[in-house]
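**Q** Got chain A; can you put chain B on it based on the hints?
Read top to bottom, the protein sequences are chains A and B. Residues in the first sequence are numbered consecutively from 126, following this note's numbering. Residues in the second sequence are numbered consecutively from 357, following this note's numbering.
These are computed hints drawn from the structure, not numbers from a lab. Mixed in with the good hints there might be a few duds.
List time: in silico DSS-like cross-link candidates among lysine-lysine, alpha-carbon distance up to 27 Å [what the hints assert, rightly or not]:
(1) B:Lys401 - B:Lys379
(2) A:Lys220 - B:Lys379
(3) B:Lys546 - A:Lys227
Taking beta-carbon pairs under 10 Å as the criterion, some of the chain A residues facing chain B (in silico) [said to hold, decoys possible]:
(4) Arg273
(5) Ala286
(6) Ser306
(7) Gln309
(8) Trp311
(9) Leu318
(10) Gln440
(11) Gln443
(12) Ala461
(13) Leu462
(14) Thr465
Away from chain B, derived, C-beta distances all over 12 Å, residues of chain A [to be verified]:
(15) Ala132
(16) Val175
(17) Ser176
(18) Gly226
(19) Pro246
(20) Pro256
(21) Asp264
(22) Tyr274
(23) Arg280
(24) Arg288
(25) Ala293
(26) Arg338
(27) Arg413
(28) Met483
(29) Glu491
No residue lacks a Cβ here, since even glycine has one placed at the ideal position from N, Cα and C.
What follows is the residue order along each chain.
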Amino acid sequence: MRLQHLALVDFRNYAAAEWSPSPGANVLLGSNGAGKTNLLEAIHLVVTGVSPRAGRERDLVRWGREACSVRAQVVRDEFSGALDCQVVWDRQQGKSVRRGGKALTGAGRTAVLGGAVLFSPGDLDLVKGPPSSRRDYLDLAAAKTLPRYRGLLRRYGTALAHRNRLLADAASGRSRHLSLSELQPWTQQLITLGGEVLRHRLWALSGLAAPARAAYARLSDSGEALTLTYVPAAGQAEPETAGMAVHPANPPTTVLPGWAADHPPSPAATAAHLAQAFAERQADELARGLTLVGPHRDELILSIAGAPARVFGSQGEQRSVALSLRLAENVFLRQALQDTPLLLLDDVFSELDARRRMGLLGLLREAGEGHQTFLTGTDLAGVPVEGFAPMALFRVAEGRIAPADGH
Amino acid sequence: MTYARPIARLIDQLTRLPGVGPKTAQRLAFHMLGMEQSEVEQIAKSMVDARVSVRRCDVCGDLTDQRICPVCGDPGRERSMICVVERPQDVAAMERTRQYRGLYHVLHGAIAPLDGIGPEQIRIRELVARLQEGTVREVIVATNPDVEGDATALFLADLLRPLGVAVTRLARGLPVGGDLEYADEVTLGKAFEGRREV
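Same shape as in the complex, but just chain A (with noise of 0.2 Å):
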């Protein structure tokens, strides 16, 4: 996929802007605030369908108008020609995707997610985070590229509310007695959609966990790997302390016997393993009134030669490996979805040591042809621009976006 040209209106911090990227890489240099990471969504936005930033989308509209929009021409093989994507978002009206002039909606318009992947310091939260924003990693691996994930995800998290609610109420003798029967079809649909939530989660991570481990390897040079490790809260006591008990001499292996990472389990395992599960922690959870088995209480646990980067890690071993894990994404999607998404990376040299960015400039260039990125930073210095061969730099200031004086 490839970003042929871009126009702006009323986004954010432009009122109106027009950009043609060079096919390659892109370095977008500008001074904070000068609205480079507002670029950078804006491609997202247009390619992908959401804004990859928290928060609310109509904050989008630049301060005082009432509309933006978002146009891009995109080509996606170069046998057709580029296709016309668009976002409005109007503070009356909302949000509108639109495909070749064709406004999308409900499940059509998440068929468009896996476009583009996003780097952003803010990132440093999958290491560092609570195992929820490890979740919403593999959660948004597999959205990408199962159109019903994110409906599934809903439905459990709908299932997992009115089941939390009967045990809460029971619990706090709010209501009487809660009968087994009441909450027994609440637990036979987590088991169902919770067993769907588990096997694309580790489908997703059969797929990233080595392509993560081989960037992890170029960025770092220490020889130490990194693995990605799935454990089902499931048969833990403690999920949430499961990995940070663990002596870094004896991590953490699989999760449960037979579930390696190239076998996906199939969905009588993962009904069975739940049940069971369910059975074994009824009492608990009674006594606390929630829901402690399924997949909303796993944990992906990211370890470094062993041990869980989370709390062992070095900062500069802690970014490597939340940049690693966005490029897995990259090398994920580009397989899945047999197309190359534009890879956004924000500030990412600022981030990264001398050796650690000539390590993602060999990564990058080893992408090869074809393979659009986007990087921004606030100036040269440290940016090994010998490192790109076809390399555009550009210059972002005062809502423009102009090709700078390059090297």
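**A** Using the frame of chain A, we list chain B on its own:
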């Protein structure tokens, strides 16, 4: 802008209806003020009449103006099957197929703990009572295909199977007459899972 008190009150009352906001209410109100008085009286009378005379069928719970609804009272209907639905509108939808000749049971809701709705709050007790007679062989659960509808179906299956009735659920999948290439991914995925041997 302030309206004369009767107009303001009419607008205010109309906004209580679902799907009617202040603007629509205003339009409806002024339309009514331009109608013949007899026409307005007819509308008002129909509203009150419907509210007063319509009640739930003693047997199935569907809305009717009799003690027993026409379906339950029809000797030609198959008495060994009961189709369980969430709302009266769903009975009307099933009847439009002209295919199903059995009886109905309207739950008036679905199990939803978040909304404080448990099995006692919907008409499950009445359904079990109907099955005690022993003429029903199959209960077809046609609740909505959302998590609440599914939970209700699972609850009914656990509850009713021990009574010796078959409990079935409507299939979900591709719409009839549609082209495969135009089906959305979610529907197609579901249909794939629900595939059957031909």
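**Q** Check each numbered hint from earlier against the structure, then list the numbers of those it violates in ascending order.
**A** Hint check: 10, 11, 12, 13, 14, 22, 23, 24 and 25 fail, others pass.
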